[in-house]
Each structure stands twice: as structure tokens, then as C-alpha cells.
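Asks: Sequence:
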Amino acid sequence: DTEKRTQKFIHNLANLGSGGISAMATGSGIKGKLLAVAERGTEKKSPQITVYDLETRKKRRPSFTPDQQSADIISIALSPDGQNLLTLGGAPDWVLVNWNWAKGRATHK
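Sequential numbering from 24 applies to the sequence shown in my numbering.
These are computed hints drawn from the structure, not numbers from a lab. No experiment lies behind these values; they were computed from the predicted model shown. Glycine is no exception: its CB is placed at the ideal position from the N, C-alpha and C atoms. There is no bait here: all hints are sound.
As a list, the in silico DMTMM-like pairs of lysine to aspartate or glutamate whose alpha-carbon atoms are at most 25 Å apart:
#, residue 1, residue 2
1, Lys31, Glu78
2, Lys81, Asp95
3, Lys126, Glu78
4, Lys82, Asp95
5, Lys68, Asp116
6, Lys56, Asp76
7, Lys82, Asp104
8, Lys81, Asp24
9, Lys67, Asp90
10, Lys81, Asp104
11, Lys68, Asp95
Now the in silico label distances, taken between C-beta atoms and shown as ranges:
#, residue 1, residue 2, range
12, Leu77, Arg28, 10 to 20 Å
13, Asp24, Glu66, 35 to 45 Å
14, Thr79, Pro103, 16 to 26 Å
15, Gly43, Pro85, 12 to 22 Å
16, Glu78, Lys126, 16 to 26 Å
17, His131, Thr25, 33 to 43 Å
18, Asp90, Ile33, 20 to 30 Å
19, Asp116, Thr29, 37 to 47 Å
20, Glu66, Glu26, 37 to 47 Å
21, Glu78, Ser98, 17 to 27 Å
22, Ile44, Gly127, 15 to 25 Å
23, Asp90, Thr25, 34 to 44 Å
24, Asp24, Thr65, 32 to 42 Å
Given the sequences, and given the hints that come with them, work out the whole structure.
Replies: Next up, the structure:
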């Protein structure tokens, strides 16, 4: 809040051990104000995407993992209505996927 000069944080202790945040996107629509966060994969963990409600700072659904070879998600974007999430994976496959994020299911690849 720039007027009150305060900050609020989203704590995500469940994803300790990830490769760090690789992309973020914000949006709003019928589902409210949203924040989508992509985390890099590691040798032991696949990349993950988590969608948060910005009002409550809680997960809107459990994290989901894209079906891709790359450990990176290099770009993400929420649709204007907040229903879908577009992700772009990194090398070697560079997979572009449109997700119904509420179900954690790809609608187009």
C-alpha cells in the first residue's frame, strides 16, 4: 500500500527447495485479484505453478506441475478474465501451454 507505506508478503514454506521464482503474472477477473507464480525445477523437483488470491494471500489451489522436459518456466500470463494461464517452458522443448489453472489441466499445447 503506497499511501500507508506498508507491505504484505505471501509465505510459501511448502515449496522450499525449489529453484526459485522464474516468472510471475497478476490479473483480475471473476475470480478476483490473482497472482500466478512459476518456480524453477531442480534435479529433485519439477517446476511448479501456484496461483494465489491477492486479497487473502492464500493459494487458490494446490501447486501444479507442467508436463515438460525443461526445468524452467520462463514466462506466464493470466487471461483477462482470470480463468486461464499461459505458460512458456524453456529449452529444450519450449512448450507453450494454455491452462485451466483452477483444474491444473492443460486445455491447449
